[in-house]
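Q: Chains as they are written, first to last, in the numbering used here: chain W, 79 to 362; chain R, 2 to 303.
Just so you know, these hints were derived from the structure itself, not from any lab. Certain hints may be false.
[Said to hold, decoys possible] If you anchor each label on the Cβ, the simulated ranges turn out as follows: (1) R:W188 with W:R251: 22 to 28 Å; (2) W:P167 with R:M27: 42 to 48 Å; (3) W:H254 with R:T106: 48 to 54 Å; (4) W:H254 with R:L218: 20 to 26 Å; (5) R:P193 with W:S295: 58 to 64 Å; (6) R:L22 with W:G168: 49 to 55 Å; (7) R:I291 with W:N183: 53 to 59 Å; (8) R:G23 with W:V225: 57 to 63 Å; (9) W:H254 with R:I122: 51 to 57 Å; (10) R:P193 with W:R228: 43 to 49 Å; (11) R:I291 with W:E306: 52 to 58 Å.
Heads up, the beta-carbon is just placed ideally off N, CA and C, and yes, glycines get one too.
The primary structure of each chain is shown beneath.
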Amino acid sequence: MSNAAPALTHLAPMATRASRLAAARTDYAASESIKAEVRDLNFFYGQRQALKNVNLPIPERTVTALIGPSGCGKSTLLRCFNRMHDLYPGNRYEGEIVLQPSGLNILSPQVDPMEMRLRTGMVFQKPNPFPKSIFDNVAYGLRLRFVRQRSILQERVEKALRAAALWDEVKDRLHHSAVKLSGGQQQRLCVARALATDPEILLLDEPTSALDPIATSKIEDMIFALKEEVTILIVTHNMEQAARVADFTGFMYLGALVEHGATSQIFQTPKNQLTEKYLTGSFG
Amino acid sequence: MSDIAKIIAYRKRQDWLFSGLGLLCMAIGIATLIALLATLAYEGLPHLTWRFLTSNSSSIPERAGILTAIVGTLYVIAVTFVVAVPLGVAAAIYLEEYAGKNWLTNLIEINISNLAGVPSIIYGLTALSLFGVVFHLHRTVLVGGMTLALLVLPIIIVATREALRAIPSAIREAAYAAGATKWQTIWYHLLPYSLGGIATGTIIAMSRAIGETAPLLVIGAAGYISRLPPPPISSAPPFLSFAWLNSAFTVLPMQMYNWTADANPALQSRAATTGLVLIMLTLSINAAAIALRYRVRQKLKW
Chain W
79 MSNAAPALTH LAPMATRASR LAAARTDYAA SESIKAEVRD LNFFYGQRQA LKNVNLPIPE
139 RTVTALIGPS GCGKSTLLRC FNRMHDLYPG NRYEGEIVLQ PSGLNILSPQ VDPMEMRLRT
199 GMVFQKPNPF PKSIFDNVAY GLRLRFVRQR SILQERVEKA LRAAALWDEV KDRLHHSAVK
259 LSGGQQQRLC VARALATDPE ILLLDEPTSA LDPIATSKIE DMIFALKEEV TILIVTHNME
319 QAARVADFTG FMYLGALVEH GATSQIFQTP KNQLTEKYLT GSFG
Chain R
2 MSDIAKIIAY RKRQDWLFSG LGLLCMAIGI ATLIALLATL AYEGLPHLTW RFLTSNSSSI
62 PERAGILTAI VGTLYVIAVT FVVAVPLGVA AAIYLEEYAG KNWLTNLIEI NISNLAGVPS
122 IIYGLTALSL FGVVFHLHRT VLVGGMTLAL LVLPIIIVAT REALRAIPSA IREAAYAAGA
182 TKWQTIWYHL LPYSLGGIAT GTIIAMSRAI GETAPLLVIG AAGYISRLPP PPISSAPPFL
242 SFAWLNSAFT VLPMQMYNWT ADANPALQSR AATTGLVLIM LTLSINAAAI ALRYRVRQKL
302 KW
C-alpha cells in the first residue's frame, strides 16, 4: 500500500472537479441493474490473442472506463460491443457478451453485427465526420432507419446536437459542410451523430485524445450529463479522465482485465500491484 | 578561405550543377513537344477552316473534310463510355469492397495491372476473334466502341480502386458503426467521395481511347467514309434511333493514318490538320480532368 499515496497526489489537481462528480457516483453493490456482461471473452486477430479471458459487468446508466497502456486491448474490447471486428477477415471471438434483460449474446454468430450497430452508438479516436453537411451527418443514422419525415428529422437532429453541447455553435449553419468545423466541434458532432438514434450503449474510443483541454472538458461534461439516459463505455489512456468521468473503471494489461471496480476504489485502494504501478506512473 | 567557406562553396557548386542539369532535361522535353506542335501547326493550320471541320471526307484535297471522322469519334467514344464505365467501376467496387483477400484476388489484381500495359493491337485481335468470329458482328460503331472499352477497362478499374482506397477507413467504420449495410456505405459514402478520382480516371481513359488507331485498324474500321452514320435522334417517336450503332465508321486517327499514306502531298498536309484537331481535343479533355480533380479535392478534406 506504500505506493497508494503517490497515486493520490498525482491526481490532486483533479480533486475539486472529481469530488463534484463523485457525489453522483454509485458502486456495484448499490447499482441495481446490469446492462451488459462480458463473460470469459477471448478475442483473436488471426493467430494473435488480443483479449484473454475478460469478465466485466457494465452497469446500466453509468460510465465505465477502460484504462491501460497502449496495445493492452481496451479498444479491442470496446469494438466487440458493436461487432466492428466482423468488418475484417480472420478475427475470432470466444466467450460471450450478454445484453440484459434479454439475455442476448452479442457475439453469437446468429446475431447480425448490424443489429448491434443499430443498438449502439460509437465515437472514434479521431473525429470522422462525413464530408457532408452538419445536418446530414446527424441525420444519417435516422435515415438508415427510414426516418424520412422532415419535421421529425429536424427535431431529432436538434435534440442530439443539444445533448452533444454543439447546438448553439452550429444552429445557424446546419447545412454547411461538417469538415469545416474545428476538431473539438467535429468530435462533438460525431457524438451527436451517435446519439441521434437513441442508442442503448454509447461506445467512446478515446474520444478526446485528439482534442485540446477546453474541447476535452466540454466532452467530459457532456458524458456526465448523458449517463442519465444511456450506458456509456469509454476507453481512455488518460487516467485523470477516467477519474473525472467514470463511475467504474477497469484496468487492462496485455489483453487481460487486471482489475475492475468503482473508480474511487481503483484509484485510491487498488488491489493489484500492476494497477497501482500503472496509476503511479511506474510504467505505461 | 576557411574550411567552412570551402565546404559551402563546394556544395553550392553542386547545387548549381544539378539545377542546371534539371533545367536542361526539362528544356529537352518541352522543346520536343513545342517542335512537334509547331510542325503540326505549320503544316496543318492553313487548312484548319470551318469548311474542313464540317465537310465529309473526299479524295479531292480542296473538298476534303473530317466531319465523318469527328462524328465517328464521338459515336465510338460514347459506346466506349457507356460500356467501360459501369463495368470498370462495378468491378473495382467488387474487388475493393466485397472480394476477400486471398491468392485468387491477388492474382486478379496483378493481372488487371498487367492488362493496362498490354499493347493495344492485341486488344484489336481479341476483339476481332470475339466480336467478329464468335458474335458475327462487323466493323460497326458498336464493335469499335466495345473494342476500345476492353482497352480502357483496366485504366478505369485501377483509377476507381485508387480512389476507393484513398477514402480513410475511419469513414467506412463510421458508416458501418451507424448500422449501414455494405451497399448503403458504398452508395451514400464511398461512391460520392471517390467520384472525383473515378471521373479523372474515366476522362484519361477516354482521351486514350480517342487517340487509338491500331485496334480499330485490326477490326477493320474504315479509313474513308463518304457518308455520315445515321443521327441518334429521329423525327418520329420514340425520337431515338440506334441505327448508328450498326453503321460503318471512321475516327480521327484512322482518317489521319489514311491521309498520311496517300501519295498526294495536299492530302498529307490534311493529315497534319487532322492531327492538330485530335491533339486539341485530347488536351481539352485532359484539362477538364485536371479542373474536375481540383474542384473535387477542394470539397473533400479528411
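Q: All hints, please: hold or fail.
A: Quick rundown of the hints versus the structure:
1. R:W188 with W:R251: 22 to 28 Å: holds (27 Å)
2. W:P167 with R:M27: 42 to 48 Å: holds (47 Å)
3. W:H254 with R:T106: 48 to 54 Å: violated (40 Å)
4. W:H254 with R:L218: 20 to 26 Å: With a Cβ separation near 54 Å, H254 of chain W and L218 of chain R fall outside 20 to 26 Å, so the hint is violated.
5. R:P193 with W:S295: 58 to 64 Å: violated (35 Å)
6. R:L22 with W:G168: 49 to 55 Å: Roughly 50 Å apart at Cβ, these two residues keep to the hinted range, so it holds.
7. R:I291 with W:N183: 53 to 59 Å: holds (54 Å)
8. R:G23 with W:V225: 57 to 63 Å: Since G23 of chain R and V225 of chain W have Cβ atoms about 59 Å apart, the given range 57 to 63 Å holds.
9. W:H254 with R:I122: 51 to 57 Å: At 53 Å between Cβs, range holds.
10. R:P193 with W:R228: 43 to 49 Å: Violated - the Cβ-Cβ distance for P193 of chain R and R228 of chain W, about 22 Å, lies outside 43 to 49 Å.
11. R:I291 with W:E306: 52 to 58 Å: holds (54 Å)
Going through the hint list in order, the structure does not satisfy hints 3, 4, 5 and 10.
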